[in-house]
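Generate coordinates for the entire structure from the input sequences, incorporating the hints supplied.
Letter by letter, the chains look like this.
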Amino acid sequence: MSLSLKRHPMPEQDPKVRAKNFAEVTLGYTEELAQSEAERCLQCKTAPCRKGCPVEIDIPAFIKHIKEGNMDASIAKIKEANGLPAVCGRVCPQEEQCEKYCVLAKKGESVAIGRLERYVADYVRGKGEAIASLEYATDAQKVAIIGSGPAGLSAAGDLAKMGYKVTVFEALHLPGGVLMYGIPEFRLPKDEVVQAEINNLRKLGVEVVVNAVIGSTFTVDELLEEEGFDAVFIGTGAGLPYFMDVPGENLNGVYSANEFLTRCNLMKAYRFPQSGTPIHVGKRVAVVGGGNVAMDGARTALRLGAEHVSIVYRRSEKELPARLEEIHHAKEEGIDFQLLTAPTAVLGNKEGWVTGLQCVRMELGEPDASGRRRPIEVPNSEFVLDVDTIIIAIGQGPNPLVQSTTKGLETNRKGNINADAETGATSKPGVFAGGDIVTGAATVILAMGAGKKAAVAIDKYLQEKKNK
Amino acid sequence: MYKILVKQQLAPSVQLFEVQAPLIAKKAKPGQFVILRVNEEGERIPLTIADFNREKGTITLIFQEVGASTVELGLLNEGEFLLDLVGPLGKATHIEKMGTVVCVGGGIGIAPVYPIARGMKEAGNEVISIIGARSEDILIYEEEMAAVSDELIITTDDGSKGRKALVTQPLKELLDSDKTISLVVAIGPVIMMKFVAETTRPYGVPTVVSLNPIMVDGTGMCGGCRVSVGQENKFACVDGPEFDAHKVDFESLMARQRMYKPHEKQHSEHINGKKEGGCKCHSH
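Residue numbers (my numbering), protein chains in the order written: chain A, 1 to 468; chain B, 1001 to 1284.
These aren't lab readings, by the way, just hints derived from the structure by calculation.
The calculated lysine-lysine pairs, modelled on DSS-like cross-linking and capped at a C-alpha distance of 30 angstroms, are:
(1) K407/A - K1234/B
(2) K20/A - K1261/B
(3) K203/A - K1003/B
(4) K67/A - K51/A
(5) K1026/B - K142/A
(6) K1097/B - K407/A
(7) K1234/B - K414/A
(8) K64/A - K107/A
(9) K1091/B - K414/A
(10) K1234/B - K268/A
(11) K268/A - K1274/B
(12) K1261/B - K190/A
(13) K161/A - K64/A
(14) K1091/B - K268/A
(15) K1234/B - K1091/B
(16) K268/A - K1265/B
(17) K1091/B - K407/A
(18) K142/A - K1003/B
(19) K142/A - K460/A
(20) K1027/B - K414/A
(21) K1164/B - K1179/B
(22) K1027/B - K407/A
(23) K1179/B - K1029/B
(24) K142/A - K465/A
(25) K414/A - K1247/B
(26) K1029/B - K407/A
(27) K165/A - K1026/B
(28) K350/A - K1234/B
(29) K1091/B - K1121/B
(30) K203/A - K67/A
(31) K428/A - K465/A
(32) K1029/B - K428/A
(33) K1091/B - K428/A
(34) K20/A - K1265/B
(35) K45/A - K161/A
(36) K190/A - K268/A
What follows is the structure, encoded as structure tokens:
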């Protein structure tokens, strides 16, 4: 059999149908498709794919097990490195990570590593994965994890496996961070995938405490000095939404993407009034921004019944920061792209509701400090987009609650915690940090990688502490 | 899960819950609030902490049944549980000895004014309180407020108790008197807080109001509660809920509070349908 240069496509819902429901868009490989796709892996000795994976999963090994039909061995191999494979297989930007380095990518299409990781995780979960709880020594040291997003969960899983008693503190009523409130149900099912994977961590013995706002319920200093924790990991993410700072931004119908997505994903406003949380979506929606959050907001608005949804982005298509797959999905579903366009004001009526978004056209000038060509306003190009709902998705910053209530914890100018890139160590002994709270908004898997590195460093710190 | 130890009806459709929440009781300060969820399908609603008892590990919540979620909350009985309760949230009231402080509470807003008045009194201030309601039967916390105030003035719209006046009238008389007033704290309906701000503005007396915009998470991650204060956007849940009344854009706040009016009606109909035996809008 000659090697196919093309990857096996993954079945997905028809765009016309899926634009009206919240069920998952992509349906995942069947066993046959997964095995055929696994056949394409050349099992390179050097495994260049691994250097693209922030947690360095042994990719050829887990794919080999799929090829041989041994899914239990395959998931065990993945879980040596990654505690949330059903999540990562779905939301990692594989085209910039593992799949970018696959040797097949030089001649054709890379092995669909993400889809295979997802397949094996879903398969094993579907048949009921057996997870034995860990045994803890009576004098096991205690670690507090602040924030239950990807960074915290990754650190928690690794530390539990090392024998530490781990407690994860979460401010919201459900754990998962951005996996619960940010990424929509149609990309990442909440009960079936996210909570199921978190429950696997609970089975290991990780304790999850919800409704606990660190900085208020407990401070970091109290965790260390009064609550008996030996080390703390801060993974509080980038959850503070930025607004545009243009007139009219407080009119009714203007949402931050965080609020819009939280209402829909975490609070299940798409099931209102069965679910008690309302959401407002008009007929015509503008989403400001060009990242994954913007795509998520636009596609969510469409599913909530909007007739026309535009992405408003100040650079050109080439600079859109969203994943290609997401842009592609958005276009298939009929999302309109207003590129090289920047909002200047939100217009409203006297009852306080949005009636339009005033914009200007842009053109690209010289590259700026970030290396991207700087957008410049085209003179006299003002126009008004006829919309009644606006979702602002121009980025998030660090929530200051933990930093501002912790003695001796250094932050940078933007409010992110200063932490060593390799160990996550902060300026405060025994306190480690990682993920978006250190780097600013990035990806799920980078946050998980940071949690992983910090777990290794915390282990080292605690062993030294114990031997003192 | 958070157990309701005491349930008490204070006035028609106004309920008091004393809830077991030792971690919140340990940290709570006047001016702070909690967010709660009644059940799995429930929305997150903010309520100000009306009182706390650190020894008993309880907090007191007072709420008016104004919409579907508060009606559902009111259906819970002693011994039953709130599913989620998080707090204390927001900044605490700045309390210190400053002289004479006037505490103004309107309607259900009297409840959150109470711990502030008590704190101000304990800090050594002369506390003059003005509490008002539409009529006598919905006036709450009269005795409690009297106990922590040097002087208590009661007003009702219909004259059924105290003076037939709005709270701003005795406030203006105090401002016109010889007394030096260091601070006015006002909590109540937005329209009342706005008129308190307009009453004190010409006298230049510092005035603090506690805002009650729509909230979701209550921890600063969504901006749903944003308010314009001195031309600047603030998140009431983390920067507030208390702000300088003379800088607040009350018109915008009132417009934003109306955002989900049609939804609230729909939700109420759904909850009423459930109460009358089975949900009618969705087949299970």
